[in-house]
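Enquirer: Given next are the chains, with one letter for each unit.
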Amino acid sequence: MHIIEGERVTKYFGGLAAVSDINFYVDQGEVLGLIGPNGAGKTTLFNLISAALVPKPGVIKYKGRNITGLNPYKICRMGIARTFQTVKIFANLPVMENVRVGAFFGSPKSPSPAQATREAMELLEFVGLSKASNAPARDLTLANQKRIEVARALATKPELLLLDELMAGLNQTEIALAMDLVKQIRDKGITIIMIEHVMKAIMSVCDRIIVLNYGKKIAEGTPQEIVNSKTVIEVYLGEDSNVGSQ
Amino acid sequence: MDLVKKNWKKSVLTAGIPLIVLVLLALLPAYGSPYNVTLFTYFLMYIILTISWTIFSGTTGYISLATAAFYGVGIYAAAFYGEKYPLIVVVFIGGFASFILAFVVGAITLRLRGIYFAMFTFGLVLFFKEVVYYWEIVIENTRGKFVVLQSNEAVYYYLLGIFVVTMIVAYIIRKSKYGLALQSIGENEEAAAHAGINVTMVKVLTYAISAIFMGATGVIMATKLTYVDPGVAFNPMMSFSPVLMAIFGGFGSIYGPVIGAVIFTYIQEALTTGSLQKYYMLIFGAILVGTILYLPDGLVGLIQKVWKRISGGVRAHN
Amino acid sequence: MELLLNIVLGGLLIGGIYSLVSMGLSLQYGVARVLNIAHGEFLMFGAFITFWFQQHGVNPLLTVVVVGPLLFIVGFILYRTVFTTIRLKSPNPGVFESNSLLAAFGLYFIVQNIAVLIWGTTPRSYSYLGGAVSIGGALFNENRLAAAGFAVAVGAIFYLFLARTRIGKAIRAAAQDASTAGLMGVNINYTLALCFGFGAAMAGIAGSLISVCYPIQTTMGLGYTVIAIVVVTLGGLGSIPGSFIGGFILGVIGTGVTYWQPGLAVASYYVIFIILLLVRPKGIMGK
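Chains as they are written, first to last, in the working numbering: chain A, 1 to 246; chain B, 1 to 318; chain C, 1 to 287.
Warning: the hint list may mix true and false statements.
[Stated by the list, open to error] Heads up, simulated PhoX-like pairs for lysine-lysine below, C-alpha to C-alpha not over 20 Å straight-line: (1) K183(A) with K157(A); (2) K175(B) with K10(B); (3) K74(A) with K109(A); (4) K177(B) with K109(A); (5) K230(A) with K200(A); (6) K177(B) with K74(A); (7) K157(A) with K188(A); (8) K157(A) with K74(A); (9) K200(A) with K183(A); (10) K308(B) with K10(B); (11) K89(C) with K305(B); (12) K177(B) with K157(A).
Just so you know, the hints here were simulated from the structure itself, not pulled from any lab data.
Please construct the entire structure, taking both the sequences and the accompanying hints into account.
Expert: Shown next, in the form of structure tokens:
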């Protein structure tokens with residue numbers, strides 16, 4: 001059974017279809033890449049999955065259960081977590097508290113304060129931020145703030161993690177480190193959907209890729225198939241030259 | 001070893017000082033003049049209103065301008081039930097009525113953007129004033145109500161009790177995971193929702209709880225006023241003052257609002273008896289604007305910043 | 001039939017003034033993003049300035065020429081000083097909205113206190129164009145007709161200004177997206193301050209027109225602010241045409257309620273407010 005699937009997922013903003021008639025699925029343990037030019041509808045699709053928006057029409061199912069129209073907090077507790085394209089951390093709270101929020105509220109059974117602290121510390125170590133745990137989140141670099149978001153998302157004990165442009169704004173070193181992090185999350189058994197423009201990351205980590213353009217799915221396949229697909233090259237990869245760059 | 005001693009010292013200070021203050025306050029009517037008792041009654045009243053306001057608006061950033069409405073509900077609860085039930089029961093009635101009202105207001109408006117909440121709570125005081133005026137004049141054919149009088153001491157002790165409960169509740173909320181949830185909502189509501197927080201329920205419930213103390217305070221203060229009418233009960237100043245006090249004091253810590261309340265109650269007292277009486281709305285308004293412009297973290301925030309700079313960046317460089 | 005005419009026409013007459021007040025608030029919130037809850041106090045000031053002139057022999061309708069620009073300047077300066085400072089210090093739009101709301105709350109007390117110091121708290125009134133005109137059998141005061149006419153005229157002029165001039169275009173751009181408009185060469189600080197000034201001017205003019213028909217009091221502001229808030233929500237937050245229409249709608253409803261049960265007008269506005277928030281918060285023409 002697919003861990004998550006969408007049928008005919010559509011969303012209009014006024015007269016414009018941000019996403020149109022998208023069918024997709026992800027299997028447990030997969031890493032799915034979601035790529036496409038800016039404005040193609042990738043983040044909108046994430047918003048539809050995480051219930052920030054409601055598809056109309058369309059249905060989204062998680063582990064076979066229809067989750068269309070549920071509240072974001074319910075979706076989170078069911079096991080879907082996400083990060084945001086524009087980093088949404090709790091800027092004035094210490095890094096530790098940012099992650100503890102996820103630990104406290106992200107799962108159906110709320111842990112004790114001591115347990116939440118323990119879980120948060122573990123996750124901060126996992127993402128490499130344990131030294132900064134008491135600093136206010138706003139004091140960290142962008143790359144580290146993204147890691148706070150990842151730690152917070154992981155604190156909610158997800159089975160499915162949506163990563164929205166984790167690598168945006170990072171330099172080459174930071175990108176390599178982020179790629180390692182994604183692989184480690186995958187190795188924990190968490191299913192991942194990642195939106196990315198950094199092709200190197202997508203190619204090396206993803207099992208499968210979906211390509212969107214103007215809200216429609218124009219291609220789907222393994223990284224090799226996508227790289228060689230004429231449609232995709234025309235639409236997207238032709239403009240973006242990150243594929244070959246090391 | 002040193003850390004253990006430090007923590008122990010810290011908990012003694014945190015628990016000890018308030019305890020001493022509480023004992024002193026409890027003994028006030030015994031050794032203080034009636035004037036002092038009245039003054040401290042007003043201190044307590046404003047502290048309760050300010051702390052209650054801060055519980056919700058200070059954390060989530062949703063500005064409630066309806067404090068006067070909940071306070072007024074308490075006043076009218078005393079007017080209606082003061083003769084029928086013992087005072088402690090009326091306090092509960094007033095608190096409960098305010099809870100329900102705040103819950104309804106929250107349920108209607110807190111699903112929407114903060115601006116709707118601010119607008120709605122702002123007009124609520126006027127709405128109640130008009131409705132109650134209408135009710136009294138047209139339906140009951142009276143103007144105002146009389147409330148059973150209580151002694152200065154009784155009023156003071158009741159308020160002291162409400163004050164203690166309010167502070168305890170505020171402290172518990174603050175230190176608990178709900179306090180964290182409230183802060184998260186204030187920092188970034190969307191992220192908070194996606195981290196698993198049922199933001200609407202947290203907001204509505206917290207707002208309703210904060211209103212309880214405002215209503216309870218209204219009940220007690222009514223017994224001091226003895227005559228109440230809609231103009232007295234639903235007075236925009238009662239919405240304004242707690243906001244001013246909380247912002248001036250700063251709501252980073254639990255003491256900020258207390259300090260703000262004490263300072264402004266004192267200033268208010270001083271102003272209403274002096275030649276500056278007619279200017280006090282002007283002065284308070286100017287201080288509010290000035291604080292927003294230049295003291296974003298309030299007085300306590302300023303003190304904390306100065307203290308950090310004085311004690312050297314040792315902790316800052318951790 | 002005569003009763004219906006009384007209500008509808010009477011409602012439209014007061015509605016004209018509500019529209020003007022609300023368009024002002026809509027400008028201030030929709031573009032400058034300040035929920036100016038001191039809006040009614042500017043209205044009150046306009047009313048009293050006109051009163052002062054009238055007492056010195058000037059035709060009250062003419063005072064609009066003074067009140068408008070005067071309050072525009074006050075609003076403009078206030079925005080350039082207070083609200084721009086808040087804007088520059090606010091890390092995000094949400095913080096700006098709440099801080100400017102609180103600052104406006106402070107202004108409410110400052111402005112009202114100043115007015116009370118100058119004019120006291122007793123109601124004042126004067127008589128102007130007191131004769132009555134008959135329309136379809138129902139009687140209306142000439143002054144109410146004149147005031148409503150003026151209000152609509154000001155609204156129309158402003159609409160033309162928005163639609164036809166370069167500054168108007170800048171304002172419409174800033175209303176849609178202030179930062180992008182800034183990138184396109186619009187002087188944002190100046191434009192937002194202009195909007196705030198215009199909003200204050202409209203409030204002041206509305207106050208002048210009100211003084212022509214009704215008694216005024218230094219505490220009158222709050223009621224009109226609440227009305228403006230309801231109208232702006234009814235019309236749709238950020239929509240100036242919406243406020244224009246909403247003002248007339250609320251005027252008619254309020255007049256109807258007053259005929260049925262005088263003293264419950266504000267309560268009825270609040271009921272409308274509640275229904276709006278429950279059913280359609282974005283109002284008639286809201287985005």
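Enquirer: Indicate, hint by hint, whether the structure satisfies it.
Expert: We went through each hint and held it up to the structure:
The straight-line distance between the Cα atoms of K183(A) and K157(A) is roughly 17 Å, inside the 20 Å bound, and the hint therefore holds. Taking the CA atoms of K175(B) and K10(B), the gap is near 16 Å; set against the 20 Å cutoff, the hint holds. With a C-alpha separation of about 13 Å, the suggested pair K74(A) and K109(A) falls inside the 20 Å cut-off, and the hint holds. A distance of roughly 13 Å separates the Cα atoms of K177(B) and K109(A); the hinted pair therefore holds under the 20 Å criterion.
For the suggested pair K230(A) and K200(A), the alpha carbons sit about 19 Å apart, so the restraint of at most 20 Å is met. For the given pair, K177(B) sits about 18 Å from K74(A) by alpha-carbon distance, which is consistent with the 20 Å threshold. The hinted pair formed by K157(A) and K188(A) meets the criterion: a straight-line CA distance of about 11 Å does not exceed 20 Å. Taking the CA atoms of K157(A) and K74(A), the gap is about 13 Å. The hint holds against a cut of 20 Å.
Restraint check for K200(A) and K183(A): the C-alpha separation of about 14 Å stays at or below 20 Å, so the hint holds. Taken as a hint, the K308(B) and K10(B) pair is honoured in the structure, with Cα atoms around 18 Å apart against an allowance of 20 Å. At most 20 Å may separate the alpha-carbon atoms for a hinted pair to count; K89(C) and K305(B) meet this at roughly 17 Å. Our distance criterion of 20 Å between C-alpha atoms is met by K177(B) and K157(A), whose separation comes to about 18 Å.
In summary, this structure violates none of the numbered hints.
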